[in-house]
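Going down the list, the protein sequences come from chains L and E.
Under this note's numbering, think of the first position of the first sequence as 26, with each following residue one higher.
Under this note's numbering, think of the first position of the second sequence as 26, with each following residue one higher.
It should be emphasised that the hints constitute simulated quantities derived from the structure, not laboratory data.
Any given hint could turn out to be false.
One copy or any two copies: either way a pair holds, since identical chains are not told apart in the list.
When the alpha-carbon atoms are kept at most 25 Å apart in a straight line, the in silico SDA-like pairs for lysine to any residue are as follows [claimed, not checked]:
#1 K88 / A485
#2 K270 / T76
#3 K88 / V294
#4 K88 / A477
#5 K88 / Q475
#6 K270 / E153
#7 K270 / L51
#8 K270 / D321
#9 K88 / A365
#10 K270 / D247
#11 K270 / A317
#12 K270 / A246
#13 K88 / A74
#14 K270 / G186
#15 K84 / T502
Number of protein chains: 2
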Amino acid sequence: MTDQEQFLAAASLLLGERGLTCDPELLQPWLTDWRGRFSGQAMALASPATTAEVSALMKLCAKFAVPVVPQGGNSGMSGGATPDESGHAILLSLRRMNAIRRLDPAAREITCEAGVILQTLHEAAAVENLRFPLTLGGKGSATIGGLISTNAGGTQVLRHGSMRAQVLGIEAVLADGSVFDALVPLKKDNRGFDLKQLLIGSEGTLGIVTAATLRLLPALADRAVLWAGLESVTAARSLLLHSEKIAGDALEGFEIMPRHSLAAVLAHVPGSRSPLQGAHEWNVLIELAADAAGADALPNLAQTLLETAFEAGLVEDATIAANDAQAEQFWLLRDEIAPAERALGPAVQHDISVPVARMAEFVAAAVPDVESRFPSTRAVAFGHLGDGNVHFHVLAPAGAVRGEWEATDGKAISAFVHDLVTQWGGSISAEHGIGQLKRDELGRLGDPVQLAMMRAVKHALDPGDLLNPGKLVPPCT
Amino acid sequence: MTDQEQFLAAASLLLGERGLTCDPELLQPWLTDWRGRFSGQAMALASPATTAEVSALMKLCAKFAVPVVPQGGNSGMSGGATPDESGHAILLSLRRMNAIRRLDPAAREITCEAGVILQTLHEAAAVENLRFPLTLGGKGSATIGGLISTNAGGTQVLRHGSMRAQVLGIEAVLADGSVFDALVPLKKDNRGFDLKQLLIGSEGTLGIVTAATLRLLPALADRAVLWAGLESVTAARSLLLHSEKIAGDALEGFEIMPRHSLAAVLAHVPGSRSPLQGAHEWNVLIELAADAAGADALPNLAQTLLETAFEAGLVEDATIAANDAQAEQFWLLRDEIAPAERALGPAVQHDISVPVARMAEFVAAAVPDVESRFPSTRAVAFGHLGDGNVHFHVLAPAGAVRGEWEATDGKAISAFVHDLVTQWGGSISAEHGIGQLKRDELGRLGDPVQLAMMRAVKHALDPGDLLNPGKLVPPCT
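Between the sequences and the hints, there should be enough to build the whole structure, so can you do that?
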């Protein structure tokens, strides 16, 4: 038997029929990322049912030097869960490990296995009149393991932080198959390095997250959604500071979108209409939210916010959603920007952040910078102003050929945008991660000291480079 | 010239007269920790004035293989800033680096050098009607660098988290002298491993923190302090859950103390008196606090909390401090427990945590466990119930000799307590860190997988073991 045959025989014995397959038809759906931008090969698909099985499998992989590509819902944005072309790796699906091990409503803690889907977590929390505050578009497929491994963001980060802030404890399998067991949540623990922080956001390159304990919050009892029109991102930033002052912890979301994006959405979504009478250079969506303790005060708070914003001359026009259906319509206008822009033609998208205080200045400078350097393109920034995180899209000139344009001009534009962001002290990946999509850009633009630290830590914890090779950590040049 | 002479000559040239001294009189105060429990020797005291100087000095140390013991206010609890007896190391004081580099009131961010004293930070924030939410007894000497390196706690952790939660960005010098520059705060950044998390709480073993960007909060506008008497820690836990439900984010502190501790304080502090008429097995101090946005609602909230707690039978008796002077008196009773217990005779103290949900059960079991295993001792637990963190003191039998008892029986008791805590899934260091005090206990009781990870990371980032050797990271056995 070859080494590969020996490995597969042992893995098959370990995991059984449900746990291991080499059937190309069964592998096929998982070898390409959901947006169809990356695809690869794998020698097998492993679907262990327990942490002990993941551990034993990893020991086997270490023995036979077989690389492992962990995968959750396969809904990542950066190709972090797609294997390379070599076919040397196994694809390790965590989807079978989907038990909720424990839910403690009094302590507001839930312990989930890695394969639990975000929507399932939301539903489990809701049963106890609690909520898990992180949510995003892919909630129907994204898994807890994937969300932790990518430190996922979403629209609620402003108030509640990204996935990192929700994680109280972690269980993970390391490169040698040993189990890192730090699931028990201690609010205070000062026994040295906080190793779980290393695993969060490491995209499976340092360990395979198998379970986590997450914090829950009291369920929302009420929300108020405001829409404002104003003249600039600078004005939007003033409105943000004002909203923080008036609404404090009730401020749950603060999204901006330019005139062009709103027009694109209105043209794209049948029956949609603008919340305001006239058109404005910039639009802001503000969400205030409160649990039972603060719900009574919320309508007044929203009204006060609106009135004081008018008085202070912070908005050109503004309105409050009259009911929940209208609030949903406001959010739909925000959520449909990406599809609406895509319908207009080819585009390259950038998930970037700069310091919140510099965001207005950045957008004001970067948009004309890009448009003048690449004639006939249109640059559009929208998204999470409160987090200093905008999605920066550059739309192709009319007549550009989809597929071709992104691979040529689009690539040059992305490099230009990443250069700009780096000059502004920002990040080339605010929330989507690095994966294989941005690994080389991180190598090109990352701080050499931090890259050296990353490589040293990666080598220390995975000396054989078995965990998700080719992702995240740029090689030495 | 010997190597040491060459090193000192080069360091002296680099740092100048104010920056380097070998004068034993100038060194002496810093060679012993403030509680006099650890002392050591150093070949020199370096006091660089800038990050560039720290970097150049560290390069020199790397070249000559000179170990470095970083020191802030020398107010740590675990001997983490005291050199060993060999005299091979230099003591690196960060106290001269005490500039506030930037304060941005709108963004609520402050960038401090490592030597800024906590109280100075509090005062700088107050000028802008802001506050830094972490505070502790040593605030007049503790420095930002030390607080970050030890991930310090305090009485406000319940609401605001420990030091880790306040840090937005870090600047640090690594073992090879390179500068880790991640001071610019990005609310969202997913470019791989969050390396600053490794430096926080690493007690100077992975890098020397030279500056940090910290978050600030709106200043407090009002507070309400409640005192309750009840029968058990279980009852206190019910009151905690009730308080979280009623007061939500306004709940700022929740401290417990047993009858014995209160009696000791009342005997120890002249003129002090109990807030309640009768004596109760357990006492609880609750602090509610609000900024300007929530101040109006606070008195009602406190009243509601009190009334509903009575109605639900959660307290035997309770009262609200009538004014700020009385609130201070309530807090004094809590803050004087440690000195009052010390006045009673020798004792060993343990800074431990267990999962919040298990704290009541732990105290109920551990106190008789210890007292029956070590006859005539008295075990006392008090402190931060809301964080699952109690200070667990064991008082010596009458007649025990101070100094002698701690080193013999006291040591056996500590090992017993640490064993217990470990069995309960807790931490042998909730907030004071490991330093040299608990390094061997961590080696004895720590999870072997996590110890191996710590050693691997330490070796990867400091292969010459130059950064604070002998602290925190237990050697292989």
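Okay, the hints, checked on the actual structure:
For the homomeric pair K88 and A485, the shortest alpha-carbon distances inside one copy (18 Å) and between copies (23 Å) are both at most 25 Å. Taking the shortest alpha-carbon separations for K270 and T76, neither the intra-copy value of 46 Å nor the inter-copy value of 35 Å comes in at or below 25 Å. Proximity of K88 and V294 under a CA criterion of 25 Å is satisfied in neither setting, with 55 Å inside one chain copy and 66 Å between copies. Only between protomers do K88 and A477 lie at most 25 Å apart by alpha-carbon distance; the minimum there is 19 Å, versus 28 Å within a single protomer.
For a Cα distance limit of 25 Å, the shortest separation of K88 from Q475 across copies, 22 Å, qualifies, whereas the shortest one inside one copy, 31 Å, does not. With identical chains, the CA atoms of K270 and E153 are at most 25 Å apart between copies only, with a shortest distance of 14 Å across copies and 32 Å within one. In this homomeric assembly, K270 and L51 never come within 25 Å of each other (Cα to Cα): the closest approach is 54 Å inside a single copy and 49 Å across copies. Within a single copy, K270 and D321 get their C-alpha atoms as close as 19 Å, and across copies as close as 15 Å, so both meet the 25 Å cut-off.
Within a single copy, K88 and A365 get their C-alpha atoms no closer than 50 Å, and across copies no closer than 59 Å, so neither meets the 25 Å cut-off. For the identical chains of this complex, K270 and D247 are neighbours both inside a copy (20 Å) and across copies (16 Å), given an alpha-carbon limit of 25 Å. In this homomeric assembly, K270 and A317 come within 25 Å of each other (Cα to Cα) both inside a single copy, at 21 Å, and across copies, at 9 Å. In this homomeric assembly, K270 and A246 come within 25 Å of each other (Cα to Cα) both inside a single copy, at 22 Å, and across copies, at 14 Å.
Taking CA atoms no more than 25 Å apart as the test, K88 paired with A74 passes inside one copy only; the shortest distance there is 21 Å, against 51 Å between copies. In this homomeric assembly, K270 and G186 come within 25 Å of each other (Cα to Cα) both inside a single copy, at 19 Å, and across copies, at 22 Å. Proximity of K84 to T502 under the C-alpha cut-off of 25 Å is restricted to the inter-copy arrangement: shortest distance 24 Å between copies versus 31 Å within a copy.
The structure does not agree with the numbered hints 2, 3, 7 and 9 stated previously, though it agrees with the rest.
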